[in-house]
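Participant: The chain contents come next:
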Amino acid sequence: MSLMTPGNFSSVTTKEPAASVPKAVPKPFPGIRNAVKITPAEVQLFSKYIYGLCGINIEASKAYLLETRLGKLLESERCDSFTTFYYKAKGDTTKLLEKQIIDAITTNETLFFRDATPFDLLRHKIVPEMIDHRATTVPNGSPVPLRIWSAACSTGQEIYSIAMVLRELLGPNHNYSIKLLGTDISDAAIKQASYGAYNKFEIERGLPQEKLHRYFSPLGEMWKISDEIRAMATFRKFNLMESFSSLGKFDIIFCRNVAIYFLLEDRIKVFNKIADSLEMDGFLIIGSTESLTGVCPRFIPKRHLKSIFYQLK
Amino acid sequence: MQSLKILVVDDDPVTRSLLTKRLAKDDYQVETAASGVDAVRMISHSFYDVILTDLMMPGGVDGIGVLETAKENNLKTEVILITAHGTIDNAIVAMKKGANDYLQKPINMDELILRLAKIQNLKHLMKNASDLRIAMEATEQASSETIQNLEMTVADLQQRMTAIRSTLERGDLPADERIALALKN
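Those sequence lines, one after another, are chains D and R. Counting in this note's numbering, the first sequence runs from 1 upward without gaps. Counting in this note's numbering, the second sequence runs from 314 upward without gaps.
Among the hints, a few may not be true.
From the derived model, a few chain R residues whose C-beta atoms are all more than 10 Å from chain D [unchecked claim]: (1) H358; (2) G411; (3) L416; (4) S457; (5) Q461; (6) L481.
If we take Cβ atoms under 10 Å as the criterion, some of the chain R residues that face chain D in the derived model are [stated by the list, open to error]: (7) H398; (8) E450; (9) E464.
Hints were generated in silico from the structure; no laboratory data involved. Keep in mind that this is a model prediction, so the values were computed, not measured. Built from N, CA and C at the ideal position, the CB exists for glycine as well.
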């Protein structure tokens with residue numbers, strides 16, 4: 001699943017790209033698509049470029065990923081080589097191409113209630129515990145704040161799954177000041193998350209029929225999230241490589257299956273920034289196959305039934 | 314590839330028979346319903362990949378009613394509506410409600426077969442994607458158990474190591490006692 005292995009930093013950080021511009025591959029038969037191939041030097045060039053844009057590490061062995069994911073953009077920009085495309089993207093002052101490259105290269109693999117255990121954990125352990133704890137620290141009568149961040153929310157399924165859990169747990173009238181923030185590096189993903197409409201393939205994955213009918217209404221070929229659930233969340237574009245200071249503090253952070261695309265040194269930075277952004281009694285949930293061993297000793301793993309969550313030491 | 318299971322819904326026996334024969338010729342599994350009411354009953358008992366239904370039918374349940382029941386029952390069922398000339402507006406309403414497609418009467422059989430082939434292809438792709446998903450989830454679950462067990466073990470070992478170190482570094486005890494205490498830990 002991972003696009004990287006820790007320890008292999010050389011492919012994106014050290015070697016300089018070759019300056020030569022390769023010739024376009026001739027098309028032997030008119031009308032038959034002959035996709036532009038990427039040269040090893042161009043793989044270096046793009047790995048470095050993409051790393052700089054969003055921190056995603058693409059190893060040299062994953063050249064096909066660049067070809068398949070950027071090929072369409074190359075075609076629509078009528079570039080006959082990856083080098084031409086590179087310079088066109090770099091020279092684009094509107095930054096539109098840059099955004100399109102990020103949209104194309106990021107993996108938006110997500111689904112409602114992906115791996116059910118974190119949502120059970122949220123429902124049965126984290127939120128009740130948080131509420132009990134907060135009730136002792138917040139003055140009587142004032143709304144209890146509950147700030148949750150989905151650090152790589154992709155097209156919104158995770159944050160809306162969290163919102164559904166909270167809606168069911170707390171009911172419609174509660175005395176909590178709930179803030180759900182979803183951030184992602186991809187403009188296209190944020191746009192879809194913000195619109196809150198999903199096609200039937202997205203709906204059929206992970207969402208129980210009962211929740212579909214309760215929280216969604218059909219909109220042509222799509223299903224749109226109810227206004228009540230939509231209103232609980234806000235979305236914004238955010239690059240995890242940047243400073244987190246503009247985001248404020250959170251009680252619960254979901255950072256699942258995104259750090260796997262980063263180099264170890266960047267994972268260390270990201271989880272340290274997460275530690276700084278988490279309240280002292282806050283909770284962190286990472287992907288079920290991820291580990292913080294050797295990444296961030298400030299967190300201590302704790303087990304609850306079949307899942308693990310992290311808290312600050 | 315498993316052939317699609319199709320329900321043909323039409324109050325006209327001739328159309329039913331024509332469609333059944335043509336679809337069976339292409340190895341589709343076909344069942345028929347003579348009214349919307351019959352169709353609704355059949356849909357609630359059995360899953361159909363595709364429902365091919367007339368839009369206008371007597372008896373209280375029309376094509377839209379069949380479509381709505383089918384979609385409530387299972388979103389994976391695709392519905393193709395058959396419309397008479399001049400009822401295109403209704404067909405568009407049906408498309409908005411989730412119909413896969415519509416065909417105008419008289420039905421062009423070649424066109425119908427093409428549409429069904431497309432649906433079959435799409436279902437095949439979806440099956441592949443779903444198989445892949447299931448395989449990925451199984452792998453993910455197995456590896457997550459291993460990783461999470463390791464994570465807990467490492468955290469526990471680290472805690473013990475820290476305790477041992479602080480015992481060994483104690484200044485108030487002679488070395489042999491510190492070692493004995495550390496080993497006990």
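Participant: All the hints need checking, so say for each whether the structure fits it.
Facilitator: Results for each hint:
With a minimum CB-CB distance of about 18 Å to chain D, H358/R clears the 10 Å threshold, and the non-interface call stands. Non-interface call for G411/R relative to chain D: violated, since the shortest CB-CB distance, roughly 6 Å, does not exceed 10 Å. Listed as outside the interface, L416/R is consistent with that label: its C-beta sits roughly 18 Å from the nearest C-beta of chain D, beyond the 10 Å cut-off. With a minimum CB-CB distance of about 4 Å to chain D, S457/R fails to clear the 10 Å threshold, and the non-interface call is violated.
Separation of Q461/R from chain D is inadequate, the least Cβ-Cβ distance of about 5 Å not exceeding the 10 Å criterion. Every beta carbon of chain D lies more than 10 Å from that of L481/R, the smallest distance being close to 20 Å; the non-interface claim holds. Given the 10 Å rule on beta carbons, the hint for H398/R is violated: about 25 Å separates it from the nearest Cβ of chain D. At about 8 Å, the closest approach between the beta carbon of E450/R and any beta carbon in chain D falls short of 10 Å, and the interface hint on this residue holds.
The criterion of a C-beta within 10 Å of any C-beta in chain D is met by E464/R, whose closest approach is roughly 5 Å, and the hint holds.
In this structure, the hints that do not hold are numbers 2, 4, 5, 7, in rising order.
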